[in-house]
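S.K.: In case you want the letters, here they are:
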Amino acid sequence: MAGYVVNGYVTGYLAIGEKWLVPALLGATGLAAVGLLVMRPPLRTPAILLGGLAIANLLAMPTAWSVGTILVKGNTGFPAARPPFLNEAAETQRRRWSLVAGRRRARRRPQALALLQGNHQSEAYLLAAVNARQAAPIIIADR
Amino acid sequence: MAPALSALAGIGLVALWSLDAAGGAASLVLPANLIAAALWQGT
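Going down the list, the protein sequences come from chains X and L. Heads up: take any position in the first sequence, counting from 1, add 38, and you land on the working numbering. Heads up: take any position in the second sequence, counting from 1, add 368, and you land on the working numbering.
Please note that the accuracy of each hint is not assured.
Calculated lysine to any residue pairs in the SDA-like style (CA-CA distance at most 25 Å, straight line) [stated by the list, open to error]:
| id | chain 1 | residue 1 | chain 2 | residue 2 |
| --- | --- | --- | --- | --- |
| 1 | X | 57 | L | 401 |
| 2 | X | 57 | X | 104 |
| 3 | X | 57 | X | 94 |
| 4 | X | 57 | X | 128 |
| 5 | X | 57 | L | 409 |
| 6 | X | 57 | X | 75 |
| 7 | X | 57 | L | 405 |
| 8 | X | 57 | L | 407 |
| 9 | X | 57 | X | 99 |
| 10 | X | 57 | L | 410 |
| 11 | X | 57 | L | 408 |
| 12 | X | 57 | L | 404 |
| 13 | X | 57 | X | 105 |
| 14 | X | 57 | L | 411 |
| 15 | X | 57 | L | 403 |
These are computed hints drawn from the structure, not numbers from a lab.
If we strip away everything but chain L, and leave its shape as in the complex, we get:
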């Protein structure tokens, strides 16, 4: 299952990076995801 999940993570990262570069409200998604992932790990 790890290869499939890794591929999905890579696809998601590229999509988030594109949203961040596009600007506007969509650029909030990448930082919000990073913070959400950190909070999820920390709890």
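Same shape as in the complex, but just chain X:
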């Protein structure tokens, strides 16, 4: 089940509404790479332009995802990096899986609490949690 949840979340995470993006990315980068291949011996300025074009193509999507993570209205209980242009189906899929993942984490809470309460001797400790939804009930129970 855990693998199913992870797969579903990753699928939703990668579901991008724009179908032209991947062909455009592969096409432009591939053309620049082919240009570098056929230009023998390499001429400095055209080679720099082609290499720069290919690298700019490769950096375009990571940049869009970084900017999109800041711009979009996300789920504060399940924050994640994401592109800014999800379509309706992808958006719904992400919401559904974020709820499923949140519920599964909530169910694990008693075990995590039992482990924490049974293995410390009143010393201060730090707890790392993947998100606020997982951390909140533990903070409340530990007060």
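Using the hints provided, position chain L relative to the given structure of chain X.
M.R.: Positioned in the frame of chain X, the structure of chain L alone reads:
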């Protein structure tokens, strides 16, 4: 971790550029890497 990875990427790019300029079979490495990176992003 980002600064270290960026430094490694820069080192790799310079090395690939040198291989491309050297000619021969080694010059295939830079275009092949660019295409492989695009394929990895697209899948």
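S.K.: Would you mind marking each hint as holding or not holding in the structure?
M.R.: To see whether the hints hold, each was checked on the structure:
| no. | hint | result |
| --- | --- | --- |
| 1 | X:57 - L:401 | holds (24 Å) |
| 2 | X:57 - X:104 | holds (20 Å) |
| 3 | X:57 - X:94 | holds (20 Å) |
| 4 | X:57 - X:128 | holds (12 Å) |
| 5 | X:57 - L:409 | holds (14 Å) |
| 6 | X:57 - X:75 | violated (28 Å) |
| 7 | X:57 - L:405 | holds (19 Å) |
| 8 | X:57 - L:407 | holds (15 Å) |
| 9 | X:57 - X:99 | holds (14 Å) |
| 10 | X:57 - L:410 | holds (11 Å) |
| 11 | X:57 - L:408 | holds (16 Å) |
| 12 | X:57 - L:404 | holds (20 Å) |
| 13 | X:57 - X:105 | holds (20 Å) |
| 14 | X:57 - L:411 | holds (13 Å) |
| 15 | X:57 - L:403 | holds (19 Å) |
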